[in-house]
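First to last, the sequence lines map onto chains W and C. Position one of the first sequence corresponds to residue 1 (this note's numbering), numbered consecutively onward. Position one of the second sequence corresponds to residue 299 (this note's numbering), numbered consecutively onward.
It should be emphasised that the hints constitute simulated quantities derived from the structure, not laboratory data. Treat the hints with care, since some could be wrong.
Some residues of chain W that are not near chain C, with every Cβ distance over 12 Å (derived) [said to hold, decoys possible]:
#1 GLY38
#2 LEU45
#3 TRP72
#4 PRO154
#5 THR191
#6 LYS197
#7 LEU202
#8 PRO261
#9 VAL278
#10 ARG294
Some chain C residues judged to face chain W by a derived CB distance under 7 Å, without partners named [as the list claims (entries may be wrong)]:
#11 VAL368
#12 MET371
#13 PHE372
From the three backbone atoms N, C-alpha and C, an ideal C-beta is built for every residue, glycine too.
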Amino acid sequence: MTGTVSTKRNMAARSFDAFARMSIGRAFGSVMGKVAGGFIILLVLTAFFAPLIAPFDYAAQDLANGNSPPGWPHLLGTDEFGRDVLSRVIYGARTSLSVSGTAIAISMTVGMTLGAAAGYFGGFFERAVMTVVDLTWSFPDILIALIFVAIIGPGLTSTTFAIAIAYLAQFTRLTRAQIVRLKRETFIEATINLGAKPAHILLKHLMPNAIAPVIVVGMLAIGDGIVLEATLGFFGLGAQPPTPSWGAMMSSGTAQLFLSPWVIIFPGIVVAVTVIAVNLFGDELIRALDIRDRLRGA
Amino acid sequence: MLLRYTFQRILMTIPVSIAISVVIFMIVRLLPGDPIDNLIRVGSSPEARANLVAKFGLDQSLISQYATWVGAMFRGDFGDAIVLRRPVADLIAQNLPYSLNLGALAFLFSSVFGMILGTVSATTRNPIVERFVRGFILLGSTVPGFWLALLLILLFSVHLGWFPVSGARGWESLVLPVITIGFGGIALVARVTRVALMDAGREDFVTLLHAKGLSRSTILWRHLLPHAMLPVVTILALRIGWILGGAVTVEFVFGRPGLGSLLIRALGQRDYPVVQGCLLMLALAVMLGTLIGDVAQAAMDPRIREAKS
């Protein structure tokens, strides 16, 4: 008896795995998916192997060669302190991806837990959670982030938490909508009638079915998080020098806007291309998983 | 019916404003250290400190402190700026008109051009136009606002010299900021208009109108557009908040006076009375925006009035 149950569970897990792998494969199927997905993989690898790829030390100053235009040996030029822009952009990928990724992971975990609990248990808890969520939902993410930075002060930690809080409402709403919709399905009713416990129903039956749209939205949110991180960095409220960050690079570049525009142009292009790639790949994923309608409902 | 809905909707903003003001009130109390140190200049005399303690009731419970604080806000007393050494209310009154001007123009700009672009792309069925609009929408929703602002400055102010780099003198100084904020908005409005028009075009009553022999343009102007406006108004109402968010960034880049640049500068200088005042005003503006949007929506669609009252 136990044997069959565990094989069944394994099969369920395996089929979910296979389903996920298949849909990611399908997202890579189109030309757009290949290009966008390829760029994202390349960027992650660049961030990971930054010390091996970067031609110069990101903090090494060379005042004699300050503000030199793109060319050899500084492919993307240097900033006012003579630091290599390319190396700083490469190291900046580390900051941007890790801050945005961590923030969205926190946001997704908390949002999914809150949303699932609100959707499943309903009642006063649901109303309390949704009131707070709707409150933050109507506010622009930059304003929420600024309130948070005002409390814990500038820096990468507060940037991470600010991004996590700014997107929390989105995940909570989406998860709750999925759970509320699924709860009405016959198979859940059957499971309840068979005497399954809430934790079992939530973790084994509701979440696996609700998770796909949340993951896709999470991926898109990483793109938004990168923009928000860059914006806070640009205001001087994010990464503090000498930590290389795309936003902070552009911030220090504004003083030299006329003299060395490349300090601003290249990090900006990287931010824009990254976010566009994330969006395009997200679109392909939505198509591959066939969840456009489920995203619209929330 | 609409009046009743409006009244109920206004009542709903009361708990929301209380919640927001509590959060903003707590900012100073959650900071490490004595709140007085965050509200007063370093090296102030003991008398000045005692005055502040008496004014905000800092020796009393949090709840009565909050009541005192909100009471002062209602009388227009936002405290004194630490760095700028002036009443925060004065600073806000001085900067608010610039932000409202910029926000209103950007809103108008993005709504008008967004609707035109969306309508064109939904009606022409030209694959090139279609692709252009889709690319524009993608760019508009992904390119960071402050970077776009810097590029526009580089191109139009530095190289072409058409518009001033920064400041707020004359209408020329408004052109680039309005374009920057409006850019993302145009894309969003265009996308929603396009989808709404195409959805509306599939309805049975449109087929009937075609069968009756009405011209394409009559159907578009008299029947399709009014029908498709509802989701557009919804998204426009949400845009009010986002435009204010965008204004914060763009004001800072263009060095324009305004609530946004005041807030960012105050955050950098840890001038907390100013931070609190600006955040409160921005939050109120967002709330007012969504309120107007909701009422406009209810005025257009009886189903919303019915559902909520």
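Practice item. Against the earlier hints, flag every one the structure doesn't satisfy and list their numbers going up. Key: 4, 8, 9, 11, 12, 13
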